[in-house]
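Sequences are here, hints too, so could you generate the full structure?
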Amino acid sequence: MNLNTIYPHHQMINLGIAAHQPSKDELILPFAWDDAFMHALNKDELGVQAVLHFWPTAPTVFLGAMDMQAPFIADGLTWLIHSKQLMPILRPAGGLAVVSDPGIINFTLILKSDDKRLMIDDAYAFMVDRMNAIFKSYGEVATTGEVETSYCPGKFDVSMRGKKIAGIAQRRIGKSIGIYVYLSLSGNQMARGELIRQFYQETIKDQPTTVDYPAVDPQSMANLSDFIPELADKTLFCQRLIKSISEGEQTITKDVVLTTEQLKRPIQQMIKRNQRIQKAIS
1040 MNLNTIYPHH QMINLGIAAH QPSKDELILP FAWDDAFMHA LNKDELGVQA VLHFWPTAPT
1100 VFLGAMDMQA PFIADGLTWL IHSKQLMPIL RPAGGLAVVS DPGIINFTLI LKSDDKRLMI
1160 DDAYAFMVDR MNAIFKSYGE VATTGEVETS YCPGKFDVSM RGKKIAGIAQ RRIGKSIGIY
1220 VYLSLSGNQM ARGELIRQFY QETIKDQPTT VDYPAVDPQS MANLSDFIPE LADKTLFCQR
1280 LIKSISEGEQ TITKDVVLTT EQLKRPIQQM IKRNQRIQKA IS
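Everything in the sequence shown is counted per the numbering used here, starting at 1040 for the first residue and increasing by one.
Don't take each hint at face value.
What the hints assert, rightly or not - Calculated cross-link-like contacts (lysine to any residue; reagent style SDA-like; alpha-carbon spacing at most 20 Å):
{"#": "1", "residue 1": "K1244", "residue 2": "A1104"}
{"#": "2", "residue 1": "K1273", "residue 2": "E1187"}
{"#": "3", "residue 1": "K1318", "residue 2": "D1064"}
{"#": "4", "residue 1": "K1123", "residue 2": "P1257"}
{"#": "5", "residue 1": "K1303", "residue 2": "I1128"}
Honestly, the hints are just simulated from the structure, not real lab data.
Given below as structure tokens:
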């Protein structure tokens, strides 16, 4: 499976490559960049059919919309900010909390539908297939399926030897779809799981909820480097993923950048979305 599967009518496919590493004061930017990429793809402003965007970050917790419905969300936010010195960010894709830090590689594959609407599951399957092309070269294979005791569980959780190593979310704008992946490469994954477990203790306090929040077991998750030590190297993994996704004689890669004008509205939207966090703790 390669990009020709997604774009069968294109003789040549251009894959845009972008990489950003926002500081702790810029953590809303990755999602603004991705929204801007989707809008730009819809308008054919980039000269590419797809974009692969890497965005590792400083330590933070990315919250989902359902987290904001927790009965004691203000307590959980206050605990993250004051006890853990982490400024949480409310993201537009994904429903529940995930951790981001320098040991995790976040990336988004943004695809634009060609002559028919691209199905979410097909886009997920493509992403997992391209990751597995890397893993299989090391004698490993990832499987998909919900890991109920992980944080932000979903049917396209990516696991290796029974341990979740990655999660996938999606967002659609017009004809473009963003496939958002966080992949734990290295670092203390047990501590990440414990952080989210305690966050839900602070936000729920054994109260009944309308949302099915996960009972996080940190032992249900692991790092990719626990199984493939060489891929603790973030740069190497990114290089391998670019090669995997661009596989095929008909695909070429090029760097893509966004203009200030293209970013203006998505940044404003992310600022507005995250005002909910300030309102919750004020």
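request  = Mind listing which of the numbered hints don't hold for this structure, in increasing order?
outcome  = Violated hint: only 2; rest satisfied.
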